[in-house]
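> Below, each chain spelled out in residue letters.
Protein chains: 2
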Amino acid sequence: MNPKITLFEEKIAEAIDNVFTESQPRTLFDPAKYTLSLGGKRLRPLLTLMAADLFDKASDDVIDAALAIEIFHNFSLLHDDLMDKADLRRGHPTVHKKWDQNSAILSGDAMVIEAYRYIAKVPKSQLREVIDLFSTTAMEICQGQQYDMDFEKRMEVSESEYLEMIRLKTAVLIGCALKIGAIIAGASCRDADCLYEYGINIGLAFQLKDDLLDVYGNPETFGKKIGGDILCNKKTFLLIKAIKNSENSQREALKKWILASDFDPDAKIIFVKNIYDELNLKVITENLIEKYYLASLDCLSSVSVSEDRKKDLIELSENLMYREK
Amino acid sequence: MNPKITLFEEKIAEAIDNVFTESQPRTLFDPAKYTLSLGGKRLRPLLTLMAADLFDKASDDVIDAALAIEIFHNFSLLHDDLMDKADLRRGHPTVHKKWDQNSAILSGDAMVIEAYRYIAKVPKSQLREVIDLFSTTAMEICQGQQYDMDFEKRMEVSESEYLEMIRLKTAVLIGCALKIGAIIAGASCRDADCLYEYGINIGLAFQLKDDLLDVYGNPETFGKKIGGDILCNKKTFLLIKAIKNSENSQREALKKWILASDFDPDAKIIFVKNIYDELNLKVITENLIEKYYLASLDCLSSVSVSEDRKKDLIELSENLMYREK
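Here the protein sequences come in this chain order: A and B.
Quick note: my numbering has the first sequence finishing at residue 325, numbered continuously throughout.
Quick note: my numbering has the second sequence finishing at residue 325, numbered continuously throughout.
Where hints are given, some of them may not hold.
Heads up, the list lumps identical chains together, so a pair's fine if it works in one copy or across two of them.
Lysine-lysine pairs mimicking DSS-like chemistry, simulated, CA-CA at most 30 Å apart [stated by the list, open to error]:
(1) Lys244 with Lys311
(2) Lys225 with Lys11
(3) Lys234 with Lys291
(4) Lys33 with Lys153
Hints listed in this document are in silico derivations from the structure and should not be mistaken for laboratory results.
Since this is a predicted model, take the numbers as computed values, not measurements.
Put together the whole structure using the sequences plus the hints.
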């Protein structure tokens, strides 16, 4: 592993360990601490530290902002899991299962506020710009989640609606994580904006890769059961394209499976995957991922620091593109 | 009515009308706008404007901060109503009844973020101080709500625990509303702190008055049915004192009514009120309200502006103390 990245990851882990440690009552803060402890990739705070590092800013100067972003991200997972009635998150029971619904609501609220407490620690001269970007992004994530829930109730969603939804729900926080690192590091507006757009493209590719792995992941390395999205009729890029690109007979059969309440799970996965295969959706999705990945590299190449400094970010985004889980 | 207060109220109403008007999707923002439209006293933003006015600061310069506080207050009502499973708020169906639970969760989240968007509009030189106070207060409100929910599961709660809970859940936002008005108006730290303490005392008196009115309010002017708190075993100041001050036989009878799941509502109200009467709780509560009211006047008298300028605030707090609903 890259030693700099390892160091950053250790700093992030240590900082997260110190959140919500002392506060009372524990009935409020234990579920929040539990949510944060479930881990995950810690991708967003890492991107903040790496963006700042591009401009030679020390990680200690951006760790609070990085933490704010990770706390907000985990808040959104907590409330989303409650709204989606998900029982598990990264293999562990979700807060509303381990505690109860009210704990999930109120601990999530406390996490939003804690995120703002951390973001408000940035230097005074950058406070307004950073906090405005943070709030705009936070609101976009709520909008994205609302579109996602609204789409669940509709049979047909257009490709552009879907891409806008994942831009809001997933990509903007990745762009924001990078841009805030750049702002605090004193980068020019142009560089900060390029990093934001780099993040948007990485974020879109990242989510499409998620959609793809659910169907075409390697069962031995994926970590979750293949076909989870298919079983719960999640409006992924593949399902949306399948509904759009299918012929009448295929589409009717697909809709029957979507509307069925009593079915054999394996049969449903095989059937839907078969349609995806017939419609060549693996390649179509891979091509779109590639398009966003190349666009992201384009944005990164416009950032006015030496190519040598960008190697870590390029390596990280390659890993995200070629990941197996 | 005091013409200045009327003008302030109009400004607040107009500003609230402009919140969440254009944003999309409406599935996210309509429930938020509905919550804000239900009205109520608009006490907190009014206090921000009045605190600024004490130091001759124009209301237009503090209206954004005042709005932030009102939006946050309404967010907390929205999520509290969901957690308490309340069907009505100010005579109208609550968001989770009119829409659904997920709308209540996510629209509430959007309101917190919108509150931060407004609070971040304060002048740069005061931004950090204001936002830190706002976040501390917001977190305290969550802590207060958690204590309130925790207390529901306990039979005995001490008077000091109860007073700390209502300080967090109700009083700190009133103190914060006043202090933020003072900070933006350029008041000294000492004056801003005195106004905060004035608000804490007013807030405590205000909540105790609420507890009192539920039992001893005039049914013709109260607006709600008398005894609502008694029926749902709400741990009000009166119930906590009753459990503490009652003799064994009274206490056992009281606990039986609290634990009963099948009972005649009117009989329960009459029984519990009778115990309150026997324990002289009306007078005990009135005395405590008076104590906090006098303490609030004491804090206000320490603020270094002419007594003449304080008349509006004194009149407002008198109205709060002697209100019938």
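> If any of the earlier hints don't hold here, list their numbers in rising order.
Violated: hints 1 and 2.
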